[in-house]
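> Sequence:
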Amino acid sequence: MRLAERNEVSDLLSRDRKSKNGKFLAAADSLWKRFGNYDRYPPLVLDKGGIKAVAFATFSVKTGYTNLYDICTVHGEERKGYATELWECFLDHATQHDMTRLKISCTPESIRWHLKNGLIFWSVDPSGSLRSDQPIFKTREDQIYFR
Numbered sequence: 610m611r612l613a614e615r616n617e618v619s620d621l622l623s624r625d626r627k628s629k630n631g632k633f634l635a636a637a638d639s640l641w642k643r644f645g646n647y648d649r650y651p652p653l654v655l656d657k658g659g660i661k662a663v664a665f666a667t668f669s670v671k672t673g674y675t676n677l678y679d680i681c682t683v684h685g686e687e688r689k690g691y692a693t694e695l696w697e698c699f700l701d702h703a704t705q706h707d708m709t710r711l712k713i714s715c716t717p718e719s720i721r722w723h724l725k726n727g728l729i730f731w732s733v734d735p736s737g738s739l740r741s742d743q744p745i746f747k748t749r750e751d752q753i754y755f756r
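Quick note, the sequence shown lines up with residues 610 to 756 if you use the numbering used here.
A portion of the hints provided could be inaccurate.
Beta-carbon label-pair distances, calculated as ranges [stated by the list, open to error]:
{"no.": "1", "residue 1": "756", "residue 2": "615", "range": "10 to 20 angstroms"}
{"no.": "2", "residue 1": "718", "residue 2": "625", "range": "25 to 35 angstroms"}
{"no.": "3", "residue 1": "731", "residue 2": "659", "range": "32 to 42 angstroms"}
{"no.": "4", "residue 1": "620", "residue 2": "756", "range": "12 to 22 angstroms"}
{"no.": "5", "residue 1": "623", "residue 2": "751", "range": "14 to 24 angstroms"}
{"no.": "6", "residue 1": "690", "residue 2": "629", "range": "27 to 37 angstroms"}
{"no.": "7", "residue 1": "748", "residue 2": "668", "range": "26 to 36 angstroms"}
{"no.": "8", "residue 1": "707", "residue 2": "611", "range": "13 to 23 angstroms"}
{"no.": "9", "residue 1": "648", "residue 2": "721", "range": "31 to 41 angstroms"}
Under the rule of at most 20 angstroms between Cα atoms (straight-line distance), these lysine to aspartate or glutamate pairs were calculated in the EDC-like manner [said to hold, decoys possible]:
{"no.": "10", "residue 1": "671", "residue 2": "701"}
{"no.": "11", "residue 1": "689", "residue 2": "750"}
{"no.": "12", "residue 1": "689", "residue 2": "656"}
{"no.": "13", "residue 1": "629", "residue 2": "701"}
{"no.": "14", "residue 1": "747", "residue 2": "701"}
{"no.": "15", "residue 1": "747", "residue 2": "687"}
{"no.": "16", "residue 1": "671", "residue 2": "687"}
{"no.": "17", "residue 1": "632", "residue 2": "687"}
{"no.": "18", "residue 1": "632", "residue 2": "617"}
{"no.": "19", "residue 1": "642", "residue 2": "620"}
{"no.": "20", "residue 1": "642", "residue 2": "687"}
{"no.": "21", "residue 1": "657", "residue 2": "718"}
{"no.": "22", "residue 1": "671", "residue 2": "620"}
{"no.": "23", "residue 1": "725", "residue 2": "707"}
If you're looking for bench data, these hints aren't it; they were derived computationally from the structure. Small disclaimer: the values here were computed from a predicted structure and weren't measured. Ideal Cβ positions, reconstructed from N, Cα and C, are used throughout, including at glycine.
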């Protein structure tokens with residue numbers, strides 16, 4: 610896992626904006642640009658001979674919260690375990706940077722992936738997304754055990 614530059618995400622978007630994953634990536638990119646997050650919180654990417662998955666997250670040392678806004682596989686790389694591998698790297702990265710809690714919301718269509726990776730959802734927001742606010746652990750196995 611490594612941090613990505615804004616232009617790397619733009620390159621991914623120039624190749625794909627129409628697939629489901631491309632739309633998620635475009636929405637996250639738009640949010641990151643609007644809030645100026647590319648400088649403060651560069652996206653985390655799984656790079657294996659090219660970017661395979663991308664995660665957009667913020668980290669607050671003050672509160673100990675990490676907020677995962679989006680994690681998605683690059684179109685054409687689905688079902689190879691790349692998002693799960695990036696999730697495992699994300700957990701390790703967040704806990705190494707003293708994050709103790711995780712906030713996330715997800716669309717109902719992605720619930721199976723999130724449950725498989727140890728998340729707990731407790732609310733639905735007005736847009737229909739599922740919300741989670743829970744402790745974060747160093748490994749996927751620990752996250753699943755907690756759930």
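> Run every hint past the structure and note whether it holds.
Evaluated hints:
Judged by the Cβ atoms, the range 10 to 20 angstroms given for residue 756 and residue 615 is violated: they are separated by roughly 34 angstroms. Between residue 718 and residue 625 the CB atoms are about 18 angstroms apart, so this pair departs from the stated range of 25 to 35 angstroms. Taking 32 to 42 angstroms as the suggested C-beta distance range, the pair residue 731 and residue 659 conforms, at roughly 37 angstroms. Between residue 620 and residue 756 the C-beta distance comes to about 36 angstroms, which lies outside the given range of 12 to 22 angstroms.
Separation of residue 623 from residue 751 is about 38 angstroms and departs from the stated range, judged on CB atoms against 14 to 24 angstroms. Taking 27 to 37 angstroms as the suggested C-beta distance range, the pair residue 690 and residue 629 does not conform, at roughly 18 angstroms. Checked against the given bound of 26 to 36 angstroms, the beta carbons of residue 748 and residue 668, roughly 18 angstroms apart, lie outside it. Between residue 707 and residue 611 the Cβ separation comes to about 20 angstroms, which falls inside the hinted range of 13 to 23 angstroms.
Our hint of 31 to 41 angstroms for residue 648 and residue 721 holds, since their Cβ atoms are close to 34 angstroms apart. For the given pair, residue 671 sits about 19 angstroms from residue 701 by alpha-carbon distance, which is consistent with the 20 angstroms threshold. The hinted pair formed by residue 689 and residue 750 meets the criterion: a straight-line CA distance of about 19 angstroms does not exceed 20 angstroms. As the CA atoms of residue 689 and residue 656 are separated by approximately 13 angstroms, the hinted pair is consistent with the 20 angstroms bound.
The hinted pair formed by residue 629 and residue 701 fails the criterion: a straight-line CA distance of about 27 angstroms is larger than 20 angstroms. Our distance criterion of 20 angstroms between C-alpha atoms is met by residue 747 and residue 701, whose separation comes to about 5 angstroms. For the hint pairing residue 747 with residue 687, the CA-to-CA distance comes to about 24 angstroms; that exceeds 20 angstroms, so the pair is violated. With a C-alpha separation of about 35 angstroms, the suggested pair residue 671 and residue 687 falls outside the 20 angstroms cut-off, and the hint is violated.
Distance restraint check for residue 632 and residue 687: the Cα-Cα separation of roughly 14 angstroms lies within the 20 angstroms cut-off, and the hinted pair is therefore satisfied. Only pairs whose Cα atoms come within 20 angstroms are accepted, and residue 632 paired with residue 617 is accepted, the gap being roughly 16 angstroms. Restraint check for residue 642 and residue 620: satisfied, since their Cα atoms lie roughly 15 angstroms apart, inside the 20 angstroms limit. Distance restraint check for residue 642 and residue 687: the Cα-Cα separation of roughly 25 angstroms exceeds the 20 angstroms cut-off, and the hinted pair is therefore not satisfied.
About 27 angstroms separates the Cα atoms of residue 657 and residue 718, which puts this hinted pair outside 20 angstroms; it is violated. Our distance criterion of 20 angstroms between C-alpha atoms is broken by residue 671 and residue 620, whose separation comes to about 33 angstroms. As the CA atoms of residue 725 and residue 707 are separated by approximately 24 angstroms, the hinted pair breaks the 20 angstroms bound.
In summary, the numbered hints that this structure violates are 1, 2, 4, 5, 6, 7, 13, 15, 16, 20, 21, 22, 23.
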